[in-house]
Structure formats: C-alpha cells, structure tokens
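These protein sequence lines map, in sequence, to chains R and A. Residue numbering for the first sequence follows our numbering, starting at 1 and increasing by one per position. Residue numbering for the second sequence follows our numbering, starting at 1001 and increasing by one per position.
Heads up, a few of these hints could be off.
[What the hints assert, rightly or not] In silico DSSO-like pairs for lysine-lysine, Cα to Cα no more than 30 Å straight-line: (1) K1047/A with K1058/A; (2) K1143/A with K1322/A; (3) K1146/A with K146/R; (4) K1058/A with K1269/A; (5) K143/R with K1146/A; (6) K146/R with K1143/A; (7) K1058/A with K1109/A; (8) K47/R with K1146/A; (9) K1143/A with K269/R; (10) K1058/A with K1143/A; (11) K1047/A with K47/R; (12) K269/R with K322/R; (13) K146/R with K1109/A; (14) K58/R with K146/R; (15) K58/R with K47/R; (16) K58/R with K109/R; (17) K1143/A with K143/R.
In short, the hints are calculated from the structure, not lab data.
There are 2 protein chains.
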Amino acid sequence: MTATVHRLAGRPAPSLDPMIAVTAHDMNCVNSVILDRMQSDIPLIPKLAGHLIAGGGKRMRPMLTLASAAVLGYGGTRHHRLAAAVEFIHTATLLHDDVVDGSDLRRGKRTANIIWGNPASVLVGDFLFSRSFELMVEDGSLKVLKILSNASAVIAEGEVNQLTAVRRLDIGEERYLEIIGAKTAALFAAACRIAAVVAERPESEEQALDAYGRNLGIAFQLVDDAIDYVSDAGTMGKDAGDDFREGKMTLPVILAFARGDSDARAFWKDAIEDRRNDEAALAEAVSRIQETRSLDDTMARARHYGQRAIDALGIFPAGRAKDAMVEAVEFAVARAY
Amino acid sequence: MTATVHRLAGRPAPSLDPMIAVTAHDMNCVNSVILDRMQSDIPLIPKLAGHLIAGGGKRMRPMLTLASAAVLGYGGTRHHRLAAAVEFIHTATLLHDDVVDGSDLRRGKRTANIIWGNPASVLVGDFLFSRSFELMVEDGSLKVLKILSNASAVIAEGEVNQLTAVRRLDIGEERYLEIIGAKTAALFAAACRIAAVVAERPESEEQALDAYGRNLGIAFQLVDDAIDYVSDAGTMGKDAGDDFREGKMTLPVILAFARGDSDARAFWKDAIEDRRNDEAALAEAVSRIQETRSLDDTMARARHYGQRAIDALGIFPAGRAKDAMVEAVEFAVARAY
C-alpha cells in the first residue's frame, strides 16, 4: 500500500531529505543553542536531557520553523533560538509523556524514566520547559511568547483530555481529533507560525503557516496511530501495540469498533477495558482492524489532512523550500506500512 | 522555645494577620483571576487544580507580590494577574513535588496524586505552568517574564539538585543552602521583585525586594525543615518525619551528623541510607537532633536570614505595609515549636 497526494507518476518515494537539506545550515546553529542551553550545574540535567535530545529524533518541529523561515526568505538568525525553544517544549512533553504512559522504549532506546526514574524525568522536563521560556524571553517577541505559551497550555489540555479518554469505548472520531489537534498539531502549527512573526510577514502568511503545521501535525499523528497496529519495536523504535495495551482510543480502533458487528464490539469492549490485551488479543485486533479497512481509512484521513497542509502553502512562491515542505507532507503520509 | 528578631518586649506573638489585612482587597482580585484561569473544557483540570488551590494554602507567594506593591504605593491592577501567575507556578511545583516524593498528605488533605494518580498530577501541573506564562504574556512586561522564567528554571534545577542529594550523608550546609535557595527562595524573591517592576521603581528597590523575598524564603524553608522533626500530621497537615523517611539531608540532620560521635554517625548512616527509618528510628533521630542543639541552631539560622530580610526593607518608607512585611518575617521564624 502506498499513500499518494497528487504526485506525478514515476517520481521516487517522497523523502524528508530535501527539508533536511534546506534547513541543514540553520539546524547546526539550532543544535548549538540546544546543547548550550540544556547545560546546568546539576550534572543529572544535561545527562538526562541529552539522552533524549541526542537520541536520534528527527528534530521535526524545529525543522518546520526553519523551513517556514526559508519559504519566507527570512535572512536573520532569531529563529535559531526559537526553534531550540520549540524543541525544548517537545522534549519536556516527551519526558512527561513517558512517565504518564509508563513507557520503557522510545526510538529503540530505553526511556529516561526507566534509566533515571520518574521523579528525575518529571523535574528535568520542568527544567526544559522553563528553559524554553527563557529562550523566548531572550528573543523578546511578545507575539511569539503568546503563540508558544498558548500552544503549551493547549498541549497540556490535550494530554489530560487523552488521559481521561483512555479505556473508554464511547470516544468517537470527533473527540479523537480534538485530542490529537491539541497534543500534537498545536506545536506543529506554532512552530511554523512563529517563523512568519520573526520575518514580520502579514497575518495571512502567519495563518497559512499555522494551517500547514496544524494539518501536517494531524496527519502525522494519524499515521503514528496507524503504525502502532503494524510496526514492531525493531523497525520503528516504538513497540507495536503500545496504544492497544494502554487502552488508547485511536482512530483505527474507533473505526473498527464503529464498523464491527456485535461479536467485534464484545471483543473491543474486553480489550479496551483491560480484560484482554495479550499478544493473541493484539493479533485479533490487527486482523479486525484490517477486515474493516480501518487502517486504510485512517491513512486516507491522514492524506486528507496532508493535502490541506500542502494547499495551505499555495500563497507562497515556488522554490526549493516550498518543494521540501510539500515533500515532507508526502513523506509523513507515506511512511506507514 | 520562641524565636525573636529584635522585638520589643511585651508585644503579642507575631502574626500573618497584618499582611493578610494589607492585601485583602487585592487578594480578592487575585483569587478571581486564579478561579477564572484554572478553568478548562477538560473537566479534570479545574477539579484537580481546584483541590489544591482551594485546599487551604496561605497564598504566601502572591501575598508577597501584593504586599510589596503596597509598600511601594503602587496604585494599579497589573499585579493581580502576575500574583495569580506566581501562585500557578507554585501550585504546579507542588503537584509535581508530591509525585516526586510520593506524598499522600498535604495540608491535612489527601494529595492530588493519591486521588487522581500521578499522570493527572504531572499533566495538570504542566497546564498550570503554561497558564502562568500565558498570564505573564498578557501582562506584557518582558522584564517580568524574564524574572519569572528564570525563577522557574532555577526552581526546577533546585528540585533536581535535591533529588540527587537524597540519601547522601556527604551533603553539607553549603549544598543544602544552594538547594533551598533554588527550590524555595527563588520564587519568594521573584514574587516580591516583580512588584517593583510593575510599579516602575529603580533597580535598587527591585534588588531590595528581591533580597527581602530571598532571605524570607530561606528562613521559611529552614523552619519548615525544622518542623518536620517536631510536628505531627494532626497539627501541621504534614507528616512529621516525612523528610526523615525520604532520606532528605535537611539542616537538622546535617548539623546532628556533623556534631555527632562515631555512634551517632553510624546511626545517621543507617537511617539516611534507608536501612533503618521506622518510628523508633525517628524518635532516636529527634532525640539526637535535640541533644546536639541542631534544631535550635536551625532556628537560629532561620532568624539570621529573617533579620536580613527585615533589614533589606530599610530603604522603604515606614507604614502599615512595611510593618506587615516585617511581622510576616517574625511570624515565619516564630511559627515552629
């Protein structure tokens, strides 16, 4: 199966490489800021933060800030510090997420909470979060501060929303979209939008970049949630079935439940309500999701949001940066299975 | 035993009441902001936050912002929102602290982590923390944002510092002062200092209020750490012996260990390194702390910092607000045993 978003036939598979290339020079500067500002006199802080920060993440969110600045032809350096702030917010969220979910594996490595314990992960997350605000304050734009402090509050609300939705079969697609719009897409949107603020572009361009980031973020999370029902720890660095075992109501499950007969619904009830979620149950879940085409349709939803992200870029001039941002979307929705 | 900080003979016991009276009207406004801004469409957020926020805290830190503004004769309303931001930072810290320490009781009530679980406490803490920055951004002073974002990072560093100092007998008074200066005094200092910023007073007055808050914060924490070796859950709302059982190196223990003979040191080694901390061990710890006058001297240290706090107010005009701030210090260092 492959995802296509209006691609010309015969082109190679979409890749993140063009976006990495467009942002490579700036990303070196961002990495310097990140390394410099995760330091502390308390040795555990850089040790724990560095484990995750150096842990092979794609730096997707700061890369979006840089690519957005490139599409606007911004020639300054303010976005380096702000992209680092965005990455710190994301890293703080990951540290807290792994505590909340009790995760033991991320990107194929043991999580910080497993190595150093929950208390250290909570507190170093708080440190990185505070540090991200210090970076924004140094930049000095109240508009950027407003965008990112609002995104942070929305992320936390989304995480609490998700927590209260766990193991509840009555969660539907609308509530699910609300959750991923907050916990994932809000930071994608903000990461892109702040580039327009530092480049002093009109509101319409801020909104276009916000829409690009938001729709990409939703697509990205939909694909992530699909992957959880196809991947294995070896290939993706994330344990397949994590969401299933945690009783998270992601779209593949929501669709399979809604489309299922009474037999299927009884199965999902037992599984989601934590009475049956062993390996055999996971295998049955995967097959029920496939039978109902719920994975295909989760990917179709992702392509829908991906297409919206691409169309939001319409107002920007053609060029290498814009092409890279388009291809990043295509990559995001094609990366699954 | 009573603590005295150059008081006239015959005066009644010092009280927080004058400071409560001086700030009462403003505090109503702050409480409105707090109630309004802890709301969210996700019902668990106001429920959990409200449990702690309505849980009988003294609102010491926002009160300090208000009292500081009063001593400067500030007539505006900007400090209401900022005092609420300070309280949100503090509340977020308490939520995370209780998770980190595994506490089950605060101010005589069950903690949020016991009622709603660690994940919810971590995430609602994150929400309140983000919300506090939104409040500061609405105020719009980059100087205030700088002071409070720095204080937040310092607090998180102090908490990690404390975490890595747990169960370690080699922690001395200097390291202890570093920890409490960061985890407690930094927010006291910032809470006072921002009043001078909104009142647009000269740097010297900012520094004086910072010094007042910082020294009061250190005194406050010293007394808190002394109380842990005299109080019981019924009277203080905090379990006596919590620090002892958690292996925290607070000043009473640091002094008792340093002043003890080889017998005493063997006892402390077993106790702090978690081989012996039952009720009998706690009783022995209390008696060893008393024998070595370690509790008296912890209180003497508190009075020293309290006196410095009072002297920092020297540059401000006499009046009801200043008297209240002086008496708040006297109250803080007299409240122990």
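Against the structure, the hints:
no.: 1; hint: K1047/A with K1058/A; result: holds (20 Å)
no.: 2; hint: K1143/A with K1322/A; result: holds (25 Å)
no.: 3; hint: K1146/A with K146/R; result: holds (14 Å)
no.: 4; hint: K1058/A with K1269/A; result: violated (36 Å)
no.: 5; hint: K143/R with K1146/A; result: holds (15 Å)
no.: 6; hint: K146/R with K1143/A; result: holds (15 Å)
no.: 7; hint: K1058/A with K1109/A; result: holds (15 Å)
no.: 8; hint: K47/R with K1146/A; result: holds (26 Å)
no.: 9; hint: K1143/A with K269/R; result: violated (54 Å)
no.: 10; hint: K1058/A with K1143/A; result: holds (27 Å)
no.: 11; hint: K1047/A with K47/R; result: violated (36 Å)
no.: 12; hint: K269/R with K322/R; result: violated (45 Å)
no.: 13; hint: K146/R with K1109/A; result: violated (35 Å)
no.: 14; hint: K58/R with K146/R; result: holds (26 Å)
no.: 15; hint: K58/R with K47/R; result: holds (20 Å)
no.: 16; hint: K58/R with K109/R; result: holds (15 Å)
no.: 17; hint: K1143/A with K143/R; result: holds (15 Å)
Figure legend: structure checked against the earlier numbered hints; hints not met, in rising order: 4, 9, 11, 12, 13.
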